[in-house]
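Enquirer: Below are the chains, spelled out letter by letter.
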Amino acid sequence: MISVKDLDLIFETNDGPVQALSNVSLEIEKGDFVSFIGPSGCGKTTLLRTIAALEKPTSGNLLVNGLSPEDARKNRAYGYVFQAAGLYPWRNIYRNVSLPLEIMGYKKNEITRIVEKVLKLVDLTGFEKKFPWQLSGGMQQRASIARALSFNANILLMDEPFGALDEIVRDHLNEQLLKLWETTNKTICFVTHSISEAVYLSTKIVVMSPRPGRITDIIENTLPSNRPLEIRDSKEFLSVSQRVREGLRSGHSYE
Amino acid sequence: MINYFKNSFLPILSIVIIIFAIWYIFTVYLNSSIQIDTYERQKIDWEFSDLVKDTMSQKKPLLPAPHQIISEMYKTIFMIKITSKKSLIFHSYITLSSTLLGFAFGTILGIILAICIVENKAMDASLMPWIIASQTIPILAIAPMIIIILNAFGLSGLLPKALISTYLSFFPIAVGMVKGLRSPEISYLDLMYTYNSSRLNVFWKLRLPSSVPYLFASMKVAIAISLVGAIVGELPTGAVAGLGARLLTGSYFGLTIQIWSALVMAAILAGTLIFILNFISRITLKSMGSQE
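Quick note, the sequences are listed as chains D and L, same order.
For the first sequence, this note's numbering assigns the number 1 to the initial residue and increments by one for each residue that follows.
For the second sequence, this note's numbering assigns the number 1001 to the initial residue and increments by one for each residue that follows.
Quick caveat, the hints were computed from the structure, so don't treat them as lab data.
Where hints are given, some of them may not hold.
Keeping only pairs whose Cα atoms sit at most 25 Å apart, straight-line, the calculated PhoX-like set for lysine-lysine is [claimed, not checked]: (1) D/K129 to L/K1121; (2) D/K130 to D/K108; (3) L/K1121 to D/K56; (4) D/K130 to L/K1286; (5) L/K1179 to L/K1286; (6) L/K1053 to L/K1043; (7) L/K1060 to L/K1075; (8) D/K120 to D/K179; (9) D/K117 to D/K130.
Which bits of chain D does chain L cover? Going by a derived footprint, with three or more residues having C-beta under 8 Å, they are [stated by the list, open to error]: (10) 183-192; (11) 203-214; (12) 244-250.
Across the chosen pairs, the derived CB separations fall in these ranges [to be verified]: (13) L/L1158 to D/D123: 39 to 47 Å; (14) L/I1283 to D/I218: 30 to 38 Å; (15) L/A1217 to D/K5: 21 to 29 Å; (16) L/S1187 to D/K74: 19 to 27 Å; (17) D/I218 to L/K1121: 42 to 50 Å; (18) L/L1159 to D/G163: 34 to 42 Å.
Quantities reported herein were computed from a predicted structural model and do not represent experimental measurements.
We treat Cβ as the ideally placed atom computed from N, Cα and C, and that holds for glycine.
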């Protein structure tokens, strides 16, 4: 689905070049839930943005759906969920979710049907007429996810979507996201800096470390696909978490 | 309602009372020397109370008292047919029509210029200095030129005056709209990019809605200076009609009460126009999810 090979990305800044990604290689299969974890500056967001064609790699190969990221973007292969919900404040929830559909030229009755469907999927039915500021942070982020789901892209790229939310809301949204992933069968790339979030959600955990931004470990998650929140107290969960922590340590992430 | 009274009406009322009090004091003070002269020439005995009374009822006072202006306005607004050249309503209408026409042109011109500047790099580099330079020329100097040159093309009356308003009002609109069209956050633009949105869609669905609050803010400035432009535009035309004409004939003949009533009328017009704009702005922004 997404294939990354020997990817390098160097930002030219006023203080000289910064190696944001160094020699990154990764295969993501269809239906995977991949988490990218690491401290700030490790390039996890940059990698996600490169997949989305929001950044251009300096060298290396990157294929999304078998296409270059630029062509994949033009084919609307992915939905992107930003760290801030990024809902347009002058549009109500309905019109925020319908925004990509309007741009992509969907017909009006189709738009109505789809918006209704995806709002139901994220449990926001009845909030169509509300403006973003009338919703809580968690609800805004759910609306933002609905917007990314609306045009039925196979890939969902999520950049710390729950980073600004409190833990209780975050737990709830994590549970909902897992359900959503099971029912829609999307490929999800999920950037986070929370170990337990990464372990709870993913089929595959990519551990990254900074200076230069690189992958230090790729962990196949052995947890069963059925994951109630209590699974986070199980031995297996703790052992996977331990391995993530070791990966971070080996990349000198704690220094 | 009680809150409105307490928070808006009462403060405004107290300021008005204070202004009126100071105004009356100055009326007596400024008009007294002429009044005392008159008393002495006519050999009239006078007391302070006479002075106070008489300074407020001169025909051509240095500073007319508020009630003189109000009674002059009452006379020229309600007692005279509005088609008459003595009616203040007639003159206000003349000025208002060129204000509104000029403001409409200015708003359209300002928006178009802003779009060109934001959407085109070459325009950005070349237009902005000229737009700023245009406002450094004093309007009093250029207004007669505009009137004369347009007259040579056979244009006279409403349009040249409106163009002077346009000249003044396009500027705040252009500057405000450039800022407004550039106001969307990077993440909003990135989102559009991930949808592979056309530039036209980015403009209609992101840049333009983002700029609306900026547009209204600049329109409030623009409409006030449109009125100034219209009045200034009436001065060099020989002052046939309009509030500017009232000011000019007033100053020819020393009719200070007429000048002041035209000034007060202009202030009322400006206030009303801004009030209406505020109202439209509130309704529009509310329908766009504003929290106020």
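Enquirer: So, for every hint listed, does it hold in this structure?
Expert: Quick rundown of the hints versus the structure:
Note on D/K129 and L/K1121: the hinted pairing is violated, with a Cα-Cα distance of about 38 Å set against a maximum of 25 Å. About 20 Å separates the Cα atoms of D/K130 and D/K108, which keeps this hinted pair within 25 Å; it holds. Restraint check for L/K1121 and D/K56: satisfied, since their Cα atoms lie roughly 23 Å apart, inside the 25 Å limit. This hinted pair checks out: D/K130 and L/K1286 have alpha carbons roughly 12 Å apart, not beyond 25 Å.
A hinted pair counts as satisfied when its Cα atoms are at most 25 Å apart, and L/K1179 with L/K1286 qualifies at roughly 21 Å. Only pairs whose Cα atoms come within 25 Å are accepted, and L/K1053 paired with L/K1043 is accepted, the gap being roughly 18 Å. Taking the CA atoms of L/K1060 and L/K1075, the gap is near 17 Å; set against the 25 Å cutoff, the hint holds. Straight-line distance between C-alpha atoms of D/K120 and D/K179 comes to about 13 Å, which keeps the hinted pair within the 25 Å bound.
Restraint check for D/K117 and D/K130: satisfied, since their Cα atoms lie roughly 17 Å apart, inside the 25 Å limit. Restraint check on the segment 183-192 of chain D versus chain L: 0 residues with Cβ-Cβ distances below 8 Å, three needed, restraint violated. Only residues whose C-beta sits within less than 8 Å of a C-beta in chain L count toward coverage, and the segment 203-214 of chain D has 0 of them, not enough to reach three; the restraint is violated. A count of 0 residues in the segment 244-250 of chain D with a Cβ less than 8 Å from any Cβ of chain L is obtained; the coverage claim is therefore unmet, three being the minimum.
For L/L1158 and D/D123, the hinted distance range of 39 to 47 Å is not satisfied, since their beta carbons lie about 60 Å from each other. Against the hinted window of 30 to 38 Å, the Cβ-Cβ separation of L/I1283 and D/I218 comes to about 56 Å, which falls outside the hint. Against the hinted window of 21 to 29 Å, the Cβ-Cβ separation of L/A1217 and D/K5 comes to about 51 Å, which falls outside the hint. Remark: the range hint 19 to 27 Å for L/S1187 to D/K74 is upheld by a beta-carbon distance near 20 Å.
A hinted range of 42 to 50 Å for the beta carbons of D/I218 and L/K1121 is consistent with their spacing of about 44 Å. At about 59 Å, the beta-carbon gap between L/L1159 and D/G163 misses the expected band of 34 to 42 Å.
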